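The numbering used here puts the first residue of the sequence shown at 2, with every later residue one more than the last.
These are computed hints drawn from the structure, not numbers from a lab.
Here the structure is a predicted model, which is why all the values come from computation and not from measurement.
No residue lacks a Cβ here, since even glycine has one placed at the ideal position from N, Cα and C.
Accuracy of the hints is not assured; some may be wrong.
[Stated by the list, open to error] What follows is a list of derived Cβ distance ranges for each label pair:
#, residue 1, residue 2, range
1, T3, P129, 37 to 47 Å
2, A11, Y135, 37 to 47 Å
3, Y83, W12, 11 to 21 Å
4, A11, T33, 29 to 39 Å
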Amino acid sequence: MTRRHGVQIAWVSAAVLIAAGAWALWHFGPDTQRFFPKCVFYEATGYYCPGCGATRCAHHLLHGDVVTAFRFNPLLVLVLPYLAWGLWRQLRRAFGPVDSTPQKFARPWLIWAVFVLVTLYFILRNIPVTPFTYLAPPAS
């Protein structure tokens, strides 16, 4: 088995797991079912992490309700198209024709920009002042 074949098997396996998770999330809402995990960071500290509300956000996105999804985790909704583009590039590289040119998807400045964005989002969504409270997920 070549390395490329192993990468393809890993992508197919990941796709099956993601599809199963999306199916479960679409059929069983995180507000009504208790088997979806709660945020450990929020439970321990009372502060919202950057991922708080992401499960409910994904549930509403799967149902096509972008506005409600945005209320639960605006960062995820805004970053999702970029993540989809990156995923497309990686899949094209894994399953498309062999390309020997190096791919630079994660440039150093981009990694720092994402780090700063997520850190600011983490801080701002925990400030209990009116414009910033819109970044926090609604209580369930």
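- Message: Name the hints, by number, that the structure is in violation of.
- Response: 1
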